[in-house]
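Asks: Use these hints to put chain B onto chain A, whose structure you have.
Residue-level listing of the chains:
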Amino acid sequence: MSSFNAVRVRADIPALTRHINGRPITYLDSGASSLPPRSVIEAMDEYYRLRHANVHRGVYQTANEATDAYEGARAAVAQFLNAPGGAEGVVFTKNCTEAFNLLAKSWGVANLKDGDVVLLSEMEHHANIVPWFQLRESIALDIRFIPVTDDYELDLSNIQELLQGVKLLSLTAMSNVLGTINPVKDLAALAHAHGALVAIDASQSVGHMPTNLVDLDIDFMMFSGHKMLGPTGIGVFWTRPEILATMPPFLGGGGMIADVRTDGYTPATGFTRFEAGTPMIAEAVGLHAAIRYLEGLGLDNVHAHDQSLTVDAISRINHQFSGRVRIIGPTAHAQRGGVLSLDVEGVHPHDIAQVLDEIGVCVRPGHHCAKPLMRRFGLAATARASFGPYSLTLDTDVLLEGLQRAITFFG
Amino acid sequence: MSNLEELYKEIILDHYRTPRNRGELPPPASKTEGFNPLCGDELTVYLDVTDGVVSDIKITGHGCSISQASSSLMSVAVKGKTLAEVSEVLSKFKNMMTLEGEVVDLNDPSNREVLRSLGELAALQGVAKFPVRIKCATLAWNTLSQGLEEN
Numbered sequence: 001m002s003s004f005n006a007v008r009v010r011a012d013i014p015a016l017t018r019h020i021n022g023r024p025i026t027y028l029d030s031g032a033s034s035l036p037p038r039s040v041i042e043a044m045d046e047y048y049r050l051r052h053a054n055v056h057r058g059v060y061q062t063a064n065e066a067t068d069a070y071e072g073a074r075a076a077v078a079q080f081l082n083a084p085g086g087a088e089g090v091v092f093t094k095n096c097t098e099a100f101n102l103l104a105k106s107w108g109v110a111n112l113k114d115g116d117v118v119l120l121s122e123m124e125h126h127a128n129i130v131p132w133f134q135l136r137e138s139i140a141l142d143i144r145f146i147p148v149t150d151d152y153e154l155d156l157s158n159i160q161e162l163l164q165g166v167k168l169l170s171l172t173a174m175s176n177v178l179g180t181i182n183p184v185k186d187l188a189a190l191a192h193a194h195g196a197l198v199a200i201d202a203s204q205s206v207g208h209m210p211t212n213l214v215d216l217d218i219d220f221m222m223f224s225g226h227k228m229l230g231p232t233g234i235g236v237f238w239t240r241p242e243i244l245a246t247m248p249p250f251l252g253g254g255g256m257i258a259d260v261r262t263d264g265y266t267p268a269t270g271f272t273r274f275e276a277g278t279p280m281i282a283e284a285v286g287l288h289a290a291i292r293y294l295e296g297l298g299l300d301n302v303h304a305h306d307q308s309l310t311v312d313a314i315s316r317i318n319h320q321f322s323g324r325v326r327i328i329g330p331t332a333h334a335q336r337g338g339v340l341s342l343d344v345e346g347v348h349p350h351d352i353a354q355v356l357d358e359i360g361v362c363v364r365p366g367h368h369c370a371k372p373l374m375r376r377f378g379l380a381a382t383a384r385a386s387f388g389p390y391s392l393t394l395d396t397d398v399l400l401e402g403l404q405r406a407i408t409f410f411g
Numbered sequence: 001m002s003n004l005e006e007l008y009k010e011i012i013l014d015h016y017r018t019p020r021n022r023g024e025l026p027p028p029a030s031k032t033e034g035f036n037p038l039c040g041d042e043l044t045v046y047l048d049v050t051d052g053v054v055s056d057i058k059i060t061g062h063g064c065s066i067s068q069a070s071s072s073l074m075s076v077a078v079k080g081k082t083l084a085e086v087s088e089v090l091s092k093f094k095n096m097m098t099l100e101g102e103v104v105d106l107n108d109p110s111n112r113e114v115l116r117s118l119g120e121l122a123a124l125q126g127v128a129k130f131p132v133r134i135k136c137a138t139l140a141w142n143t144l145s146q147g148l149e150e151n
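Chains A and B, in that order, are what the protein sequence lines are. Taken in order, the first sequence gives residues 1 to 411; the numbers are from the numbering used here. Taken in order, the second sequence gives residues 1 to 151; the numbers are from the numbering used here.
For reference, chain A alone in the conformation it holds in the complex:
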């Protein structure tokens, strides 16, 4: 804990020097996209200025450097996740959504058949729902949802029944709306006992708490770089190398082939098979720098920081706006992520966000790409504030000032 200092982190984030409408920016939208530190931006800049070349092709010096940088990022991801099989199971994608599409449209097409059960939860992001509905257009899948309790946790009272016939459990590690942290390790063990594989959406968790794939004992993990202080345009799909070896190609083109003839083609093996075309080299370099930066902070420290900010914010919101502002997410215990979805009686989230913008506060109004969850709680939208390692209680001060303004303005 002693080495972590959010004020010092803040000094590393150029975007936090901005002023909006005459006020210093109060960035509370890290759940949508986090702000990159200088080291990430400089690593990408340095790559473009001095080392840019395509990967896996040239024999000249900078082409080798670019390849080393790109593959170095893959190795760093594997180490960061403590991935069984190392870098061999790490596929770079455009984002977490593309990683889910890779799962459904490659592994799913090859391994699922009519009547197979895919078990999701009601708190999933659309990225972990829509690809399964799309797959159901060609395979008659039985798509089930683990319900969510009134206390915003997974309702596991019926889990044995839900797991009957399940081929894949695909679940978020941390809800992007509720902040709920799910018991991934226990559920993975349970699903494995039923013969299923387990996929985990780590978008909200991977930049905020330690991830250890050996310990979790899951089969697939996917996340985006830009929610863990890295750049946009890169995501990660991880699976065990022996599973990857059984998956058919997803996107076709250059780079992913072993041979192309006039009568057909032979795909490459390993992760190469899934990376068609020139990959996101600069973004991989940026992601590598983000991993280094997060490791420097310590993921345990980041998680503790999120929790302390969240506990403080919940208590102050409840104290100042008791009854008027409802927190849509667990509030009874500290074991949750730094995401606060707010429902303000009589004021629509869009209007709250507009009033907050007036004093430089960035929050996200809307359904957060989790419409089944919003429907579950009878909400069309919430205003969501989410923390990053650079967030301070000062940010909560300004958020509360803005909420008070919105409530006063709309009466």
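Simulated from the structure, these hints should not be mistaken for lab results. Since this is a predicted model, take the numbers as computed values, not measurements. Check before you lean on any hint, since a few could be wrong.
Stated by the list, open to error - Pairwise CB distance ranges, derived in the manner of DEER restraints:
#	chain 1	residue 1	chain 2	residue 2	range
1	A	Thr266	B	Asn151	53 to 61 angstroms
2	B	Leu83	A	Ala332	54 to 62 angstroms
3	B	Pro26	A	Asp397	34 to 42 angstroms
A virtual CB, placed ideally from N, CA and C, is assigned to each residue, including glycine.
Replies: Just chain B now, kept in the frame of chain A:
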């Protein structure tokens, strides 16, 4: 809060707090649903068109103050109007919304005339300065357009 007051004019807040023509109409009135997939706003426009006149209009749904006020103002503006008049106000409103961030020059006589002819609807002019909110204001109008086409 000058920017905010420009966006949330008193007329808008009034229509938000006390929306006009809320409710449903029974068949044979037409029923058209509109969605804003970005923010989850949903509304339904019920239209009674008799002899080329919008004889009644009712609206249900939920959304932000801009979308709710815009639908209420719209219902007042089109109720009792002929289809030709409705089509004219629709196109004037959409023009006002596509100014996207440009401040309407009130010294330009043609702008003054358009705003005057829009009556209370001109209160929504401030929305055009907030590009992400334009979709909130136009949701009801796009739903109305669709409803009229289906009629």
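Asks: Each hint needs a verdict: does it hold in this structure or not?
Replies: Right, here's what the structure says about each hint:
1. A:Thr266 / B:Asn151: 53 to 61 angstroms: holds (59 angstroms)
2. B:Leu83 / A:Ala332: 54 to 62 angstroms: holds (57 angstroms)
3. B:Pro26 / A:Asp397: 34 to 42 angstroms: At 52 angstroms between Cβs, range violated.
When the structure is compared with the earlier hints, a violation turns up for hint 3 alone.
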